[in-house]
Structures are given as structure tokens and as C-alpha cells.
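Protein chains: 2
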Amino acid sequence: MVNLYVALVHYPVVNRQGDTIASAVTNLDVHDIARSACTYGVKTYYVVTPLTDQIKLVETIVSHWTEGPGGQHNPKRREALSLIRVEKSLSGVVGHISGQGGGDPKIVVTSAKKRSGSIDYVRFREMIQTGEPYLLVFGTGWGLSDQVMDGADYFLQPVSGPVDYNHLSVRSAAAVILDRLIGC
Amino acid sequence: MVNLYVALVHYPVVNRQGDTIASAVTNLDVHDIARSACTYGVKTYYVVTPLTDQIKLVETIVSHWTEGPGGQHNPKRREALSLIRVEKSLSGVVGHISGQGGGDPKIVVTSAKKRSGSIDYVRFREMIQTGEPYLLVFGTGWGLSDQVMDGADYFLQPVSGPVDYNHLSVRSAAAVILDRLIGC
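Protein chains in written order, with the working numbering: chain A, 15 to 198; chain B, 15 to 198.
One should not assume that every hint holds.
Identical copies go unnamed one by one, so any copy, or any two together, can satisfy a pair.
Claimed, not checked - DSSO-like, lysine-lysine: derived pairs with alpha carbons at most 27 Å apart: (1) K127 <-> K70; (2) K120 <-> K90; (3) K128 <-> K90; (4) K127 <-> K90.
Derived by calculation from the structure, the hints in this document are not laboratory data.
Just chain A, same shape as in the assembly (with noise of 0.2 Å):
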């Protein structure tokens, strides 16, 4: 098994003007990478919100789902559901992965644009490999803010198919990210 962790980041995000601010939680978004992440094997998926509100939210989705009615009408959506944690910051999904004694996560993020010095698919893919701990960072709104970008180990190349088009959603854009890593 790999030792791949996700993060989903509403904060600090560009809007499309490029402003700083926080995403509210889409419900999809939390359902959507928890199955993809649960696919792959990734460790914990981390829901990244500052806000109190929204952080209810999210636990309150969460539980529907592994404690409530929900996992019992659906036990393989519990068994997805059971990897995600609610953080504040990103800087709380790195001590709780260094928490668990492998050591600080290398921190690679993810943008539809492109960027020089960006690692490719087959290069991370090897890195995973070694059972490293690797934090994989995904922004919603318009992507993460420059601070997060400027803040990590390595940016991880778009995901491009054929033509000069590339808005995914998140959530595609996470799963075939997952595939490109770790499907077989």
C-alpha cells in the first residue's frame, strides 16, 4: 500500500479575479473524492475549511454516513466516508500525518495551468513508490492561492487529453489524477 494522502483545500483559494478567499463545501465534493480516494487506497482524505460553519457541515455529512442511517443503507459509501477528516489548515494535515510517525509529508500540489519546473506522472508515481509520505493538494474555486503553491515540495504537471481545453471539475480532475498514480 501506498502512503498517498489527499487534501481538498477551501482555504486560501483564488476566486476568478484572483482574490483570496474561502470555497464553501460542495456535498459532492466530500462524497465523489472519499469513493475515488477509498478506489486508490489513499490513507485519509483531509477536508481543508477554517470556517465553523462549514466545518459542521462537513461532520455532519460525514456522520449521516458512517454513524447514522446512511452507512446503514449503504455500507460501502461508509467505508469511503470513514477516510475523510475535517482540518483547518493544511498545516494541520501535516501534523497529523507526521503524527502517525512516518515523518512530515512532502507536499505536492496540483493546478490546471501550467508551470515550469512541474514533476510528470510517471516520475511521482516512482516517488509513491518508495512508501514515502506524500501529501496530494487540490484547491477548489479557481485553485489554490500562490502562498499554498509557493509553500510545497512539487507541483504536479494538468492532467491534458487532446485538445487545448482543460476545466475538469475537482472531482474528475482528483480521480484520474489517482488513476495516472496508482491504477492498475
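Got chain A; can you put chain B on it based on the hints?
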């Protein structure tokens, strides 16, 4: 460019008990799969439902983004949703593709369950490169009915990761499969 079409079927599909039903359209299935289709150069994304109210719902969503305020606000989303066409049945989809002069498409169905005689991604990727038309079919609910599966030309292998869990959302599965077939 490949000659690939995608259909998302809402009837006939099965529910948890295996009964044949018509499922309700999910807004994010419309958006996410259109964005994936656009990213990977799919020619048309067919949303298949025979229900009058559901047809109207999809047409309302699509026109909001292709002709209404949504598209002015977000031209990239307009480009993606312009790929959508609503059809009442899979035979309607096949008829529409044939009407474009390239002959009837071969029908390739997807499922989360293993089935003997499935084709793998390497083989289907090669088949697509011939330029012949292919229709890739996804089911909602608990999957396509036997009627659809038995009428297909090919079954595509399920997506799998390193663990014994493969409950991706149809949005995620469509993105991963298109990436495996056409991703760069």
C-alpha cells in the same frame, strides 16, 4: 481527433434491488461529464432519458449555459455544455451518430462489475485510433440493465485500483476512462 461519443443512460438502468428503473438526472453529471468530454475531445455527450420532465430539466440546464447568462459568465462552461444532446433512447443516439455519415457506431458498455470477454484499455485505445465511430455508454443508478449490456458490441473492463473497492461515482469513472483512452 478520435470519433468517440459518450452516452449517460437514465433508462433502462437498475436500482439496488436489480429492478429496471428510470433514474433522475443529476445536475453535476451533466456538468462534470460535459467538462471531461470537452477536455478529451469527445464529439457529443448524449444524456439519455425518456421522461418528459427530465428532458426539459436537461434542456433548461444546457440552455442556461449555452444561450443564457451562465455562458456569458463562464464561456469555458458554455463550450463544454455545447457538446450535450438529449435523446430519449440509445437507439436515438445511434441514429443521430449514423446520421453524421460515418456509419453506425460500435457500442461499448461500462460497468463496475467484471464480466468475461471484456476488452481492456490498451485494446480499446487502439480501436479508437482507427477513426471508426464508437459510442461509450455509462449507466446511472446501480448500472445499465441487462438489455443494454446484452445489446452491446463490447464490454469495457471495470476501472480498478490496488484495493478491492471500486465504487467510483459515474462522474469520476467517466473521467478516468476517458483519460485512459485519450489522455496524454
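To see whether the hints hold, each was checked on the structure:
Taking the shortest alpha-carbon separations for K127 and K70, neither the intra-copy value of 32 Å nor the inter-copy value of 36 Å comes in at or below 27 Å. Taking the closest pair of Cα atoms, K120 and K90 never come within 27 Å of each other, the shortest separation being 30 Å inside a single copy and 33 Å across copies. Taking identical chains as interchangeable, the C-alpha atoms of K128 and K90 lie at most 27 Å apart only when they sit on different chains, with a minimum of 18 Å there against 36 Å within one chain. Taking CA atoms no more than 27 Å apart as the test, K127 paired with K90 passes between copies only; the shortest distance there is 15 Å, against 34 Å inside one copy.
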